[in-house]
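**Q** What follows is the residue order along each chain.
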Amino acid sequence: MLRTNLSVLFVVLGTLAVYTAVANMIPQVASEVPVEMEIGSDVTPEQLATIGEELYAGAGGCMACHGLGTRAPDLLGVAGTNCSTRREGLDCKAYLYESLTEPGVFVVEGFQPIMTDMRRTLSEAQIWALVAFLQSQGGEITVTAADIPQEAAGADGAGIGSAGGAPAGAASTIKDPVELLRVSICLACHQLGEEGVALGPSFDDMAGGDPEYLRRSILLPNADTADGFEAVAGTMPTNFGDQLTAAQLEIIVRFLAGER
Amino acid sequence: MSGRGIWSLVAAGLLLMAAEPAWAQEALAAAPEYGDFPLIGARGAVWIAAQVHLMFAAFVLGVPMFAVVVEAIGIFGGEERYDKLAKEFTRLLLVAYSATAIWGAVLVFVLASLYPRFWAYLTTVFAPSMWVYAGLFFLESFTLYLYYYGWDRWRRGLSKKLHLGLGLALNVWGTIVMFIANSWLTFMMSPPGDLAADTAPQTVQLWSAIANATWMPINIHRLIANVVFGGAVVGAYAAYRFLAARSDEERAHYDWMGYVGNFIAIGALIVLPFAGYWLGREIYEFNQQMGITMMGGFMSWLWIIQAFLIGVLFLTGNYYLWVGMGRIPGAERFMPYIKWMLVVLVLGTIVWATPHTMIANRREIAEMGGTHHPFLGVLGVMSAKNTAVNLMILTTFLSFLMYRRANKQPVVSWAKTGTMLQGAAFALSSGIVLFYGIYGYFVTAIVRIGFSVYQVLAVLACIFLVIILDVVMMRGATSRGAIRWGQMPARSQYALFILAVTFTWLMGLMGFARSGIRQHWHVFEVIRDTSPQAVTPALGPAATMISTCVLIFMALVGFIFWLGGLADKPGAAAQPVHHARPEG
Numbered sequence: 001m002l003r004t005n006l007s008v009l010f011v012v013l014g015t016l017a018v019y020t021a022v023a024n025m026i027p028q029v030a031s032e033v034p035v036e037m038e039i040g041s042d043v044t045p046e047q048l049a050t051i052g053e054e055l056y057a058g059a060g061g062c063m064a065c066h067g068l069g070t071r072a073p074d075l076l077g078v079a080g081t082n083c084s085t086r087r088e089g090l091d092c093k094a095y096l097y098e099s100l101t102e103p104g105v106f107v108v109e110g111f112q113p114i115m116t117d118m119r120r121t122l123s124e125a126q127i128w129a130l131v132a133f134l135q136s137q138g139g140e141i142t143v144t145a146a147d148i149p150q151e152a153a154g155a156d157g158a159g160i161g162s163a164g165g166a167p168a169g170a171a172s173t174i175k176d177p178v179e180l181l182r183v184s185i186c187l188a189c190h191q192l193g194e195e196g197v198a199l200g201p202s203f204d205d206m207a208g209g210d211p212e213y214l215r216r217s218i219l220l221p222n223a224d225t226a227d228g229f230e231a232v233a234g235t236m237p238t239n240f241g242d243q244l245t246a247a248q249l250e251i252i253v254r255f256l257a258g259e260r
Numbered sequence: 001m002s003g004r005g006i007w008s009l010v011a012a013g014l015l016l017m018a019a020e021p022a023w024a025q026e027a028l029a030a031a032p033e034y035g036d037f038p039l040i041g042a043r044g045a046v047w048i049a050a051q052v053h054l055m056f057a058a059f060v061l062g063v064p065m066f067a068v069v070v071e072a073i074g075i076f077g078g079e080e081r082y083d084k085l086a087k088e089f090t091r092l093l094l095v096a097y098s099a100t101a102i103w104g105a106v107l108v109f110v111l112a113s114l115y116p117r118f119w120a121y122l123t124t125v126f127a128p129s130m131w132v133y134a135g136l137f138f139l140e141s142f143t144l145y146l147y148y149y150g151w152d153r154w155r156r157g158l159s160k161k162l163h164l165g166l167g168l169a170l171n172v173w174g175t176i177v178m179f180i181a182n183s184w185l186t187f188m189m190s191p192p193g194d195l196a197a198d199t200a201p202q203t204v205q206l207w208s209a210i211a212n213a214t215w216m217p218i219n220i221h222r223l224i225a226n227v228v229f230g231g232a233v234v235g236a237y238a239a240y241r242f243l244a245a246r247s248d249e250e251r252a253h254y255d256w257m258g259y260v261g262n263f264i265a266i267g268a269l270i271v272l273p274f275a276g277y278w279l280g281r282e283i284y285e286f287n288q289q290m291g292i293t294m295m296g297g298f299m300s301w302l303w304i305i306q307a308f309l310i311g312v313l314f315l316t317g318n319y320y321l322w323v324g325m326g327r328i329p330g331a332e333r334f335m336p337y338i339k340w341m342l343v344v345l346v347l348g349t350i351v352w353a354t355p356h357t358m359i360a361n362r363r364e365i366a367e368m369g370g371t372h373h374p375f376l377g378v379l380g381v382m383s384a385k386n387t388a389v390n391l392m393i394l395t396t397f398l399s400f401l402m403y404r405r406a407n408k409q410p411v412v413s414w415a416k417t418g419t420m421l422q423g424a425a426f427a428l429s430s431g432i433v434l435f436y437g438i439y440g441y442f443v444t445a446i447v448r449i450g451f452s453v454y455q456v457l458a459v460l461a462c463i464f465l466v467i468i469l470d471v472v473m474m475r476g477a478t479s480r481g482a483i484r485w486g487q488m489p490a491r492s493q494y495a496l497f498i499l500a501v502t503f504t505w506l507m508g509l510m511g512f513a514r515s516g517i518r519q520h521w522h523v524f525e526v527i528r529d530t531s532p533q534a535v536t537p538a539l540g541p542a543a544t545m546i547s548t549c550v551l552i553f554m555a556l557v558g559f560i561f562w563l564g565g566l567a568d569k570p571g572a573a574a575q576p577v578h579h580a581r582p583e584g
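Residue numbers (our numbering), protein chains in the order written: chain A, 1 to 260; chain B, 1 to 584.
Honestly, the hints are just simulated from the structure, not real lab data. Be a bit skeptical, because a hint or two may be false.
Beyond 10 Å from chain B on every Cβ pair, some chain A residues (computed) [claimed, not checked]: (1) P27; (2) R86; (3) R87; (4) E140; (5) E195; (6) I218; (7) R254.
Here chain A is said to cover these stretches of chain B; the calculated rule only asks that three of the stretch's residues, wherever they fall, bring their Cβ under 8 Å from a Cβ of chain A [stated by the list, open to error]: (8) 215–228; (9) 240–251; (10) 496–503; (11) 511–522; (12) 528–539; (13) 549–557.
Label pairs and their computed distance ranges (CB to CB) [what the hints assert, rightly or not]: (14) B/Q202 - A/Y213: 25 to 31 Å; (15) B/I73 - A/Y213: 49 to 55 Å; (16) B/T444 - A/D205: 21 to 27 Å.
Every residue, glycine too, gets a C-beta built ideally from N, C-alpha and C.
For reference, chain B alone in the conformation it holds in the complex (with noise of 0.2 Å):
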């Protein structure tokens, strides 16, 4: 297709969003179903479009919310190091904001042009949602500005507070912009039941096409995944600071936002699985197949690497935590503990990846002599992998606890109560989560499914009895000497970039899990792919492309934080900014 043709193609998808109803059937009809795209095909240029949008997008939409929070920490607790440090998020931001921006642009023409057909159809019903959208990324925009160029302006008193209520406009206008483009994605995911490939798109009405079944838990899910992917880029920027540092106060600065990027993204982690329980449920009771198709069908390989990534995830950010432990005074007490900790994380992973209904051909049914593998196939069922990832987030958990402990000494009375209380919790937890993980193997699947529900209450009742117990033990608490930041050996930092390559890989493999169950649809048993390339890839060279959008990603963010950053540089025009060395 030559650039005349395409640019005339993205006019005509864009008018089409403007257009009386019986225009738009006709330009419909008109457009030609499907475009090329040179070297990599139509449907990789709007996968790499439409993945880097949304790492982008997932970064800018996560940050403010916990610059937010770091904000209103630094305001209520008075502690001005908060204050800077969610400055400094906020500047990561307003560079990235940019390029989500161009790479939306991006994805629009790229869809208008190579997908006319079925872009002029998702025009002609969401043409009014698809307003709302571009209003509120304007609106976003300028409070984003005000935001961030107001942050010193408005820094005392009434004014401050009202700087924060920026930052909370900022999230909440977000969250309507990543809700609304939602409905589209879920949408082809899940359409109404009354939709029929001959139903005229204007007659689908466009509450019951946004609501759809996969809608809300997909907003959930994406909500919190945007904090944990947020956490983990900003804490891999701080770990290239870090390396970077020429002092010792820049060091202990970068070295204090890289932990506080990895508690977010770990500590948000911790309750993602449950909102893709959500998700996954949902997708079932929408669609059978299309859930069996998802966990058990061809994507069923899927699900290993994603054990095997999350397992990186987990043993990553507990060694980040391990290693930091080394500049806590006090923390030496807990040192024997980690080898045993780092012994239920290993085989947590070995477990959770341990692959069991897989789909396979006659020649692989054969030489494993059933459909299952004689001893693996016991070993990988769902009691094993629940019972598995459970006690690593316990373990998570705990490595969190002593970290957080290491140099403080309790003074309250009842403290050595108070810990064996925290520590009943904790074998009490896992008690449960063993008893129902063994007790699976002895009921039918119907009613192992249920027992997931009660090994997940157990470790959630877990985690939050033993975070008010801490708090409130450790109010007037003593310090065993300051945690000495800066002081982390190199190693400690490319853990951080570990688990930013991690987080963004595992995000595109979700996003292909996501969209790859609709396979041959764009709208799911609604509208058919019949273009050439309408066959779901296998994961290799869905791995590939995956890669390929993380690299991309990564070099862009790279050479836009360098851009930010050199506003820090010694002569730069630009008032240096200092850091105040952290206390700990």
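Here chain A stands alone, though its shape is the one from the complex (with noise of 0.2 Å):
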């Protein structure tokens, strides 16, 4: 019997025993928590690019998609070689800026538009400061402290581990519908007449809508999926709330329901 119970622990302990090993073998990655690092207004080119390292493989999350071939462009080395020819009439620095804030205006060939806009989890200081990395992968950085709006530069919201200062959004002054639609990045996956591109469901199938389904779609994207539209259910943004003003967000409902 004592036979049996040492050979029933050995099964065990050695089972056991190979698992972990095998799982100590593979390369071994955390998920580090995001270090609060402050981004000053004295703050050089260089010392953005190094925190917009770190937040390119920590808090921003790029790698999940970047650097895999597969899902989004390869970025280390070579994003600072062609950001300036990518965008007619958009230098390296202002096309970074905006593939981060606005990653549906343009979306290179060959991808999805999967990326969401960074303003979601990251200030505009970490935001600059990524610009300030990818320019450093083979390019020349132009980012200065002087990019970063005063606001978002210091300790309050700058961290990398902060949630974000407050996005841009759309200006508050606009009152057109359409226009609205189109600085809020809308068209980027909806259609509007020929604007647009037709990613999501179109604007002109909208009309009767009910109102209330169409404003908890926009503030809560998540919390229904129209039909058809499954592939690509979690990639709307889920800030408009704070980037619309009330106003704002129920002149887009009329406008969509009907009342054009």
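If you follow the hints, you should be able to join the two separate chains into one complex; please do so.
**A** If you want it as structure tokens, here you go:
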């Protein structure tokens, strides 16, 4: 009986040892907690790039998609070399900033528009730090402390671990619904007449829709998924409640519901 | 933190469940954010308590599901041996039930004392459901005791059917209890979309917190996984009793019991990936970034380990069946096929465990010469992996079919046609799986993902059709000889231990994946984990922790099964259990 017990013990411990050893032999990647780091008004471009590198590998979550080839373009070593020629009329700095804050405006050919607006998770100062880091990948860093809005610099909301400052959002003075849809980047995924991209449901088909449903779809886009669009569910930004004023939200809802 | 302080916090946490909102809010603000635990830290303590509790809970929820089915087979099939088996399953349940409750209490105490503020938050949101949970737990306990202790008293006629009803009720209470507990942990993963960091917990709608995005997928996944787990642990118990058996009769009984446990575990395992697929899809729909973190982010290597473990499960489960065929007259005609089935399983495991889209740093990318390995990058894509796993499922099903038919000789006139139809179903299903696997290389990713549905449907249709045909075809079949229960080599029983340990370890690994994708959040993107241990560990340390939990569970389960078995020892006060020799 003792021999049986020892054999059973050996099998159990041996199996556990093998699994533990295999799991310890593979590359070890932990999910680090974002570290608080201040971006002061006197920060240098090189310091910004260093902070950006940490964000790239950490709180920004960039490496979940970039650098793996299939989901999003490779950026390491090349982002700074082709950024000035991607979009006509935009220099490298402006293009990279746009890619981080309005990712639906331009999607590199061959890739799906899965990138989210980084203003949801990063502050303005952190986004500029990312731009500086990306420029450093084969190019010249032209981001300076002057690019960072004063209110975004310093300790308030600029720490790497912070959830990010308030997004710029649609200018609060705009009252024209079509213009609001444009500046809110809605047309990057929805079609309105000849304008926009048919990734999500078309705005033209929403006339006569329930205003309450439309309002909820804008403020809580994950609450419902329109039939036939399950594949892109979860990609709509959830920060329109922060970006739009209450009046602007109502202007858009009324417009979409058919009061055109 | 002193012992007195801990107990004060526990008391405060429990009181909060009944607190008025305003008082709850004040207490919540006054509570320290985190406590500390010697040696392993607060997170380690909660990890072990939660994991071991979950293992016992999975066992006591899974076993009643098949115990009641086995009892029903005994009642309606008129075979008493099934009734005895169901009772023996339930006896294991009884002794494991107390351990579940004890570890549940330990979990509550460590949560309340080490994460007091977060615990207060959860109790404020979920208090009513916690009271219902406690009430149902009582109901479940009493139903279990009635079910077990009434077994011999209510064994004939209507009273036996009422007894079966008790078993069904036990399952209903247990399932509701699990659904309630699942709502708490899925709320942490996928809270309602309108919840923000500054949302007062008193204002959170209970039902919206319960019915969150991942609640139902987790419920279904756990229901099935509990059956798998229960079957595996029962199999290991039977294996131990087989090895320790002193008579042929006893050995025969536990050989049969081990076979039934393994059949339940592997049978339910075959459908588990479909529930997992639904859960993964819901996670992506809830938050794309969370899904990417899980599958392609820092957890990407976890799926390679998972593939390795599932490969072990398939190989070991099939090995047990193949060895078992040695005690079935007539099985020798299937033996030549086994080596080819082994080839399919080994190749399938290799393909499934091939790394593809792994998170890599700059140095690793440079060493590979690109973001993907020049050779493995082609082999490790989902088209190849889906094909591999579907063929492995078909192969395992074929093993079961051979085992089932080994000593049977059909007498129906269309037996040959039926067998050919079954063969055609296997061939067609494999052909569809292979076709979409190859075609997947020539289409875009979004189209390729849809192909997995066709592959799965082809496999399920084959399993369904073949089983129906087999059941009808084998009616009145003659026997080539009785199964020689008990005449199994000892190595087959060690395979059952490996299965139980692997299932348990896999459960811990998947628990780490589910919990770890929240990263440094208690409630994803709502309540941040600011404790010193907020980092989500790499697989190495996580594996060490999982092994520790499995070891604790196995040691305790061994101990309480030993206690439960004392009644069978000669000279014990209780009436010894006589085991009928199964006839196969």
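**Q** Of the hints stated earlier, which fail here?
**A** 1 and 8
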